[in-house]
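There are 2 protein chains.
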Amino acid sequence: QMPRGNLETVHHRALVLAQLRKWLDSLKFREAFECMRKLRINLNLICDHNPKVFLDNIETFITQLNSINDVNLFLTELKEEDTTSTMYPHPESSPIQPQPASGQKKVDVVCDALRGAMESMDPNKFCLSILTAHVKKTVPELEIALQKVHELRENPSEAPGAVSAEEALKYLLFLVNVNDLYEHSLGTYDFDLVLMVAEKSQKDPKEYLPFLNMLKSLEPNYQRYTIDKHLKRYKKALHHLSKCGEQHFPEALQLVKEQKLYSEALRMFSANSSHYKALSCAYAEHLVQQQQAEQAGLLLWRCGEPVSALQAFASSTSWRNAICVAQQIPLPPDQLALLARDLAEKLIEQRRYSEAALLLDQYAKDCEEAILALITGAVWEEALRLIYMHNRQDITETNLKPALLEAVSTQTVFLETQVVTFVRHRTRLAVVREQKEKARLDMLDEDGPDCPDAELYSEASSVMTNSKYSQSNSRISSRSSKNRRKAERKKLSLKEGSPMEDRALMYALGEISTTVDKMREDVHSLLKALVLFEFDKQAEKLQLAYEDALQMMAAAVPEVWPEGLQNNQAPLTGPNSTANSIMASFQQQQKPVVSQQDAEVLTPPKMRNGVKWKLTILK
Amino acid sequence: QMPRGNLETVHHRALVLAQLRKWLDSLKFREAFECMRKLRINLNLICDHNPKVFLDNIETFITQLNSINDVNLFLTELKEEDTTSTMYPHPESSPIQPQPASGQKKVDVVCDALRGAMESMDPNKFCLSILTAHVKKTVPELEIALQKVHELRENPSEAPGAVSAEEALKYLLFLVNVNDLYEHSLGTYDFDLVLMVAEKSQKDPKEYLPFLNMLKSLEPNYQRYTIDKHLKRYKKALHHLSKCGEQHFPEALQLVKEQKLYSEALRMFSANSSHYKALSCAYAEHLVQQQQAEQAGLLLWRCGEPVSALQAFASSTSWRNAICVAQQIPLPPDQLALLARDLAEKLIEQRRYSEAALLLDQYAKDCEEAILALITGAVWEEALRLIYMHNRQDITETNLKPALLEAVSTQTVFLETQVVTFVRHRTRLAVVREQKEKARLDMLDEDGPDCPDAELYSEASSVMTNSKYSQSNSRISSRSSKNRRKAERKKLSLKEGSPMEDRALMYALGEISTTVDKMREDVHSLLKALVLFEFDKQAEKLQLAYEDALQMMAAAVPEVWPEGLQNNQAPLTGPNSTANSIMASFQQQQKPVVSQQDAEVLTPPKMRNGVKWKLTILK
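Protein sequences, first through last, are from chains A and B.
Note that the working numbering has the first sequence beginning at 1, numbered continuously upward.
Note that the working numbering has the second sequence beginning at 1001, numbered continuously upward.
Isolated chain A, as found in the complex:
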């Protein structure tokens, strides 16, 4: 942007900037400021040039400017933008200034620093600049500014040249929208201030006076509440309303519900009050709607609402808490048994058989159902424990042994299918890799290494930079993350010929290995139970099948996840290669390689070889 006018005023910007930098480096702020104003150079450069030096010499800056108008000009031009990287970049030769890494914003830092300096230098003299510094912050501090105006009115400064409240307010109105200022003046709860602002505004006294008079008539806390609510400052409103006593509690409860200020509200009322209880119940109701019934139960239980708590715990299958509350109520034995059965049923649906068995055994007093739940869940040792505890060896013959035989055949068949799928994927992977490598080399042969299409066929090209395959180890996993992972898996299609088929196959092979590896504990406990009941042959067959599967998958690792897959293409060198062709071939390999999200597909699954599952007595 050049100033219009005579040619004399045209300056070469690079020269000007060089001169400005020199001035700023030697702390000649006045010269720099004058020049920048004249040539319309953004004033932000003064602090952006070297923020640390500027902040360390902020008093020098103010002293040199020695003009409230100039300080205000500087303040009003402040922007978050760093002009040394956008408008006035350093020439390349100069060292890059390290940016201050604090989380604070530049504008706020500069405003606060200037204001602090001016307040310690001469708060009266710099009054308007101080107000500007408040108003220019990222979140304007209008209340504080107004408060200062109000103080000026209460205690006018006697100093020569001091600013009057009137002047200060006028200046503020020049900086800020009058309605904003009115609202914020209300927020100080200072009616003098409100009136002062209102009078300066275009507002009709017929409108605001009745409202102010109504407010004035209210009890102080309720007055503040009303103002806060008017200004939509609901937390403050609640705080003031909570001090208004018994008769206003329903209003408070209403506010809490409307604005969902439950946890804030609980902190405002004492834990043993009836209000606290009412708030807890309201919160609990809200939490149940938010699928947080267990936390609702905790609130209800501790505030002395065991019946509602029981309902909340039961609905979230928080069975231990449910049973505790039920015994505290206390529920009659037959109802307790019913509750236990209900909870057990839910737990069985969630495959939590051991917990279900505990409920059935200890609270529903139905050891048979308990044992059957354990047998269904393949929790063999625990099933046997209950059988002996309740002297029900008959169940061993009728249920346990048949279930063991069924389990061993299920596990064997499952292993077989896993192994078959693994072998099929592995074979297909070899084919796909060969095809891709061939296609890639053909491409390079035809078009030379600069051909961008070649990359399409490279091994590494199937890296998807925007996806994750997070294999969470936990079984507790939120639904949303499950859905997300499902969606991501879809991108990796196993369909023959799909562009990322090789990745999909590697992912599938990793999944199978992990699934089979996870069976260690189950296979171990099944083998022990089989041996105990002399099903040695079945146990031997399973042990052999499982060992074979594990060994086969471990042996496939070097082939499926070769070391250095991430760099598996030999650099293209030879008599005809040039520096450029070599560079190109490296870049093709490197570009798609780096994504860390792929690391999981490229890394072989971890086998938990530390988990010993084999029985010595089976050969």
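Because the hints were derived from the structure by calculation, they are not lab data.
Just so you know, not all the hints are guaranteed correct.
Stated by the list, open to error - Within a straight-line C-alpha distance of at most 20 Å, the following computed EDC-like cross-link-like pairs (lysine to aspartate or glutamate) qualify:
#1 K1260/B with D536/A
#2 K1365/B with E1345/B
#3 K1229/B with D1180/B
#4 K612/A with D548/A
#5 K1277/B with D536/A
#6 K537/A with E1264/B
#7 K1137/B with E1199/B
#8 K619/A with E1294/B
#9 K1200/B with D1180/B
#10 K619/A with E1285/B
#11 K229/A with E251/A
#12 K606/A with D1517/B
#13 K1125/B with E1059/B
#14 K1619/B with D536/A
#15 K346/A with E1381/B
#16 K229/A with E207/A
#17 K1614/B with D1522/B
#18 K606/A with E563/A
#19 K614/A with E1294/B
#20 K1606/B with D1522/B
#21 K1619/B with E534/A
#22 K1606/B with E1563/B
#23 K612/A with E1294/B
#24 K22/A with D82/A
#25 K1260/B with E540/A
#26 K277/A with D1536/B
#27 K1277/B with E534/A
#28 K1606/B with D517/A
#29 K106/A with D122/A
#30 K1436/B with E1496/B
#31 K614/A with E1264/B
#32 K106/A with D82/A
#33 K1619/B with E264/A
#34 K619/A with E1258/B
#35 K105/A with E77/A
#36 K28/A with D56/A
#37 K260/A with E285/A
#38 K1619/B with E294/A
#39 K541/A with E1264/B
Chain B: place on chain A using the hints.
Relative to the frame of chain A, chain B by itself:
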């Protein structure tokens, strides 16, 4: 190797080999064989040249040779070595023959194929060659060869030119050491054959005749057992001894113990016999010595030795089995309670508090100790369940609440130290990386990219190709693997200035992240318990501290484990670079990168963000 003699017989080997290959490709085996014999070329080349073609045309080969001596010569020269890759490599231009990938050894495959062909062509004519094929196998089939000699003696062939048993035996003795042959003849249990071999040997009849006569006097099974034992074939010996009836069982048991043939022995006796029981007890004793007491217990229990089984189960803390056996015996109540206490004590030592509590509660009938165990183990909900079950709310005040407060402060302090260590390591890592990068660039500047020392300073150089950092997810982990990992960790020293300090820091940072991430479940259950007892402030503090720690560690991931760390050095290009210098700079980066064992240090730790631990009701 050239034949000595006239110059006429000197041939250029490459030309000879080319000719041989042509003959072999056109199945002219006779010509090839003659030439190879004359020029002393290893006969293995005949089958190595193209194994598939050779095996497919094995009858043609035999027919063309048409000489038992020549076939024998070929058989005796067979070696496992592949002469096409060692002695007579293919010239580079010819396509590489795919090797048959079967697990079988070449010598065995060729011997079996030749023998099969000769047996179907004319077993009488090729008798000696067939014997050679048996003897030349990797594990010589001497019994079969001897058996064939014996058959010749029983049924001499009437065919013209047929080999007599006498001739065949002489031939065998020429191939095999006479003592080996004598031992193996014993192994056929055929005394005629033994005598036949013995007579041909240099053995003194005064020595072998009494032994053979003694053997002849024995009951057939016991006779075979004696021979098997003499030949150290213990499994066969046990098999024959097991058929010798009651009076020989002590001898069998002795053999089983000496040779550790327990599982084989169990399969030879019926499960309900007293022998089976005796064997099981012996096996169990052995298993206990081998630290496999649980499996010993299973054997003892199922063979009806509950008292010994109980001891075995108790010593291996297989507490469910121990309790079941104890109730089967049945142990009197006071002894059962003592047993339960003993087991619980061991479980507490292993930090298995829930199981200990079950024993104390249900079998020792000591609910107070059970609750205290659960409180010690921070199993809050289960502790509360037992408190309500046994109506012992007093323990809530005396023990549970104080323990909760202690736990929250322990966890908070632990988090603080983890965070402090994390920040310290992270800061140090940045310093180390900067130093390494600087040193590397300095090196390259001085010596050019070919300097091998430069690699010492490169980021990737700290990759240790021979180590693994296997972070097993299981808590069950064998002692040996723990020790191994410990030793590996030592190699990565955190000492300032150690050559792999950066890797050590990354490893340590990963470990801290994983440790903190693992606290999710514990923190969640602690928070719920704190809220229940209205320790909201402590809970809020912990929730905040934990959230900060997790966020800080997640935010550090891009810095500590930058994407593409494995290729993080820009290729050295510029006006002065050459094809060679670029290659060198790439190779420096690539060489140490590929090891997959490093992937774990280079990959950021997986955070289980699916495990929700935060409470909504705490803000």
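task = For the pair we were handed, K28/A and D56/A, check the Cα-Cα distance against 20 Å.
result = holds (14 Å)
message = Run the distance test for K1619/B versus E534/A: straight-line Cα separation, threshold 20 Å.
response = Given that 20 Å is the threshold and the Cα spacing comes to 58 Å, the pair is violated.
message = Please verify whether K1606/B and D1522/B have alpha carbons no more than 20 Å apart.
response = Within the cut-off at roughly 18 Å; holds.
inquiry  = Given the hinted pair K1260/B and D536/A, is their Cα-Cα distance within 20 Å?
reply    = Holds, because 19 Å separates the two Cα atoms, which is no more than 20 Å.
query = CA of K1125/B to CA of E1059/B, is that 20 Å or under?
reply = Since the Cα atoms of K1125/B and E1059/B sit roughly 14 Å apart, the hinted pair holds (cutoff 20 Å).
request  = Compare the distance between the alpha carbons of K1277/B and D536/A with 20 Å, and conclude whether the hinted pair is satisfied.
outcome  = Measuring from Cα to Cα gives roughly 15 Å; hence the hint holds.
query = Are K619/A and E1294/B close enough, with their CA atoms no more than 20 Å apart?
reply = holds (17 Å)
message = Does E1285/B sit within 20 Å of K619/A, going by the straight-line distance between their CA atoms?
response = holds (18 Å)
ask   = Are the Cα atoms of K1200/B and D1180/B separated by 20 Å or less?
value = holds (13 Å)
ask   = Within 20 Å, alpha carbon to alpha carbon, are K1436/B and E1496/B?
value = The hint holds at about 13 Å.
task = Quickly compare the C-alpha distance for K22/A and D82/A to 20 Å and report which way the hint goes.
result = holds (19 Å)
key: 20 Å limit on alpha-carbon distance, applied to hinted pair K277/A and D1536/B   = holds (15 Å)
Hints 7, 14, 21 and 29 from the list above are not met by this structure, while the remaining hints are.
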